[in-house]
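Asker: Chain residues, written in single-letter form:
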Amino acid sequence: MSADQGARLFDLGYRGYEGPRRRPASAILTLGVFTVRRVLGLGRGARHKVLPAITLVIAYAPALVSVGFAALVDPLPVDDLITYGEYTFFIGSALALFAALVAPEALCPDRRSGMLGLYLAGPLDRTRYLLAKGGAVLAVMLTITLGPLLFMLAAFVIAGYGPTARETPGLVLEILASGVATAALYASVSMAVASFTTRRAVAAVAVVLLLLVPAIVARSAIESADAPDALDLLSAPFVASELSYRIFGEASGAEEPIGRLSTWVVAGGLVAWTLAASAVCWARYRRIEADR
Amino acid sequence: MTTADPHTTSPGVVSARGVVKRYGRTVALGGLDAEIGPGITGLLGSNGAGKTTFLSLVLGLRSRNEGTLVVLGEDPATAGIDVRARIGYAPEHHELPTELAAADFVRHLAEMHLLPPRAAVQRANDALWLVGLGEERFRPVGTMSTGQRQRVKLAAAIAHDPELVLLDEPTDGLDPVQRTEMLALIRRVGKEFGMHIVISSHHLEEVERICDAVVIVEGGTVVRAGALADLRRGPDGLVVEVDDCAEELAALLAERGLDVSVEGDVVLVAGGADGHDAVRDAVADLGVGLRRLAPRGRTLEDVYLGADA
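Here the protein sequences come in this chain order: A and B.
The first sequence lines up with residues 111 to 402 when you count with our numbering.
The second sequence lines up with residues 476 to 784 when you count with our numbering.
So that you can see chain B by itself, here it is in the shape it has in the complex (with noise of 0.2 Å):
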């Protein structure tokens, strides 16, 4: 299964064909296909489903055993040195240099990413100053929270102005106000500053705010993927519930045309936006309250486990 955004013509930012990956008998990647466009893109999968493993093989860290890949328009196997220097990443782990102050330890990273000295401190200096930490750039890393340290590790993959930025669990470890936050700065990051972001998560929530295209992974395949906005678009129609008179609402509705069936509480009502006002009549006909309706969709838990509501 492949994607790409639907909503541009250029060309993949990473694309994968039939990718194996095993480690001894253990079949990591077992023919993966995915299709990674620009923008931000959520990679998700449980732990083990093959995240950091295919992110490995995008890196070049590891050799694949068979298919191709191609990031940024090179095989990482093959230029992985030039497309690594393209290429900004933070790790899933929080455990960094500690006694390094955080504008040295992203400096540094910016040296090793090909800037010269001079320009590195000055881009370490406003990669700190974009995620927040401008005053306390010259605190020990390991001194810094673990918010902090998520921080740092996402000044240290941009302060080079890579064109892909890959993020494993970028918000691993943060409370609900840190998460909101950071997940605001990858966005950011992604909308403003004009890098592909790939965020491997096994929240979806998350991921269904950020990102503009999701690939799931399980199992070393891709089960799904592609732009958020298509997954998520269910069968037309609406769904309509009321307290108390889901049947006699679906009779009534039916009486009038409309093509309806009922799941517990809720009436699900096929067809175009016409069936607003069918809707609307038949409820104040009936005199019962409604509590929600709205168009027919899916979630993308939905889409993640694969349901078709």
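Here chain A stands alone, though its shape is the one from the complex (with noise of 0.2 Å):
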């Protein structure tokens, strides 16, 4: 094309940038979006979504169970299927697993490629960091705590066999309740792990140690030592099936040392340490240097 055609070539290059900037607040959502898709592999290779993949597949498993038994089976044995308050106990195996796997994916990779001084260097503090980690745990964590549930109830009211209309409100606030607190168990808890190393590895195995070996120690404790049936307490599982267990008013039997335990005091345990975890890990990225 010939000058005098009028074609002109611009080469606009770089340029200051004068359009509209975002409120500072939205670099917490922009945080937690990133690493909610981090976490779960989107936007990353085939390996990164294996063990997501599988977890989720773990955590759904039961309720898929369920639904088919309800969609197939004629007449249901309704007292086969499992219920809404065993389901916290019924995936303890994949919480651990996701626990073990979302913190550590979250935290430790930014403290070891140095992203965690880059984010500080920009529009978050510390606080606000922790919020949207924090943020992105607890949501990836509600997608197998909530997730599982909600599919369960919309299944059995789509067959005919959920609760009432009237009911439904108050299953579904028992539900949110139950997830909600498993999953704020969890999330701060292998995020207070997460936040002594910038090892992945080391960080999910010591997750799954600190689910897991309280729970051993306290049984044998109180079996064969007579200790007090709240050393139960010490165990972030049993604390979250229990409470589940509660919460939709079911018993998880008085056989287990759990089980004899008061639901405040069983909801105070729940609580206990998800605050506790929450400041270990906070009082952690206070002190950790983010500039060198």
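Hint data in this document are derived by calculation from the structure and do not stem from the laboratory.
The beta carbon of each residue, even a glycine, is placed where N, CA and C say it ideally should be.
Please note that the accuracy of each hint is not assured.
Computed from the model, here is a short list of chain A residues facing chain B with C-beta under 8 Å [claimed, not checked]:
1. 124
2. 127
3. 137
4. 141
5. 142
6. 219
7. 232
To list a few chain B residues with every Cβ distance to chain A over 12 Å, as calculated [to be verified]:
8. 506
9. 570
10. 649
11. 707
Each of the two chains sits in its own frame; use the hints to bring them together as a complex.
Answerer: Right under this line is the structure:
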């Protein structure tokens, strides 16, 4: 095309930016979304998606089986189906696996790769950084503490086995309470552990150990040394599953030491675990040097 | 000691008065005073002099124990988030998320600096093209060389069009060719795009090549600061270097009324530019070889070492 035809080439290149800028608080959301995508392997290679996918399958399997029964078996053996209260106990392994996967993936690489320093050199401070990361870890944990129960509820309602219209709002609230409490407990514990190391594998193993070892120690002490039942509160998984039973008005059984404790004590145990773990994580991040 | 770019009356970009920072019993900054003006400023000092601590205070990543610090008109200790939103920062370390593509890395940091998502994508691409990584922008950062990573860090620091860019050892790990290119790039960013730049470095020659002003930090305090042209300006006069006959030349010049002194093979001639003709004539009369005839002045190394040549 010749010049006299009016064609012109513009080399715009790099220029100053005069467009809109978002509010500083939006950095929290940006980092939270980025972290969720990273943890779930979205936008990353296939190998990063394997573990999250396996965990999700394990977590949703009981719900899928129950819904499958409801769809295929007539009459439905209602007593054989998993209950809402039992669900947290049934997916204990998935919860431990997810907790060991999510927080280390969310926190450790930032310190290892120096990204923490770059984030804190932007419109974030340590509290906002932890809010973003905590929100992301909580959101991912909710996909398995809340998602399967809501899926089960929806499927049962559609199949005609669900609660009545009058009972449904109450059950939804119970599902929300159970899901959020369990997710908060696992998220805070795994974040606290992940705040101590830059290595994901080390953090993952430590999370699993922290979830399993106290349970074994507590039960051994109670059964063999007549230790008080409250020792069961040292086990985060026991606390989470027991509180779920209580929220749905179900009983884990008096043969379980934690089952003999009052609901307020169990709820207090969960709050104490969550707050203590959050405080540990926050205290760790106040001390971490981000400018070296 | 304070300084500002004498070529402008704009308010200082960074203003520090009596800034003290202690780590336990260790005093990292002991009453630092500095005035960093617009343009490109070099923050010079040996390792452990307090450069990185000062940058941390400018970014509001650490709190000072005493003194006042104003960055872009605000105190980073109380308005850290607002200040940091207007700053771009490239750290010294080269560890970056290895699996992220350069474009994704720069875009993410641009979004973190409050650009809307679509604008962040555009700006990331523009910044990477500017630093010469346009064709490589979809490569994972982990596969890039040190030189390319330095460019990625620079792109990430400028993508959100900050008012102030802090570059911590931006040429660390680069070979001479890459270093020259990087310095030219930084110079271009500072001059063409109107960003104020502070370069923390311990390489005198690169600061001398691209900076308008310099702040020299040693032992946690500013030992020298000012516009580079002012600092390098020495006493009036000439430096003359001849083959073997410095004493004879000095005697002849003194005989002709000039104020001279001899340092080794170098004759220092005091006074104004009219000394040129006298030196030329004296050298011709003696029939000696003239190696160097230059105005008296100081290199940045002289300034750094406190020399008064």
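Asker: Flag every earlier hint the structure violates by its number, smallest first.
Answerer: Per hint list: 5, 9 violated.
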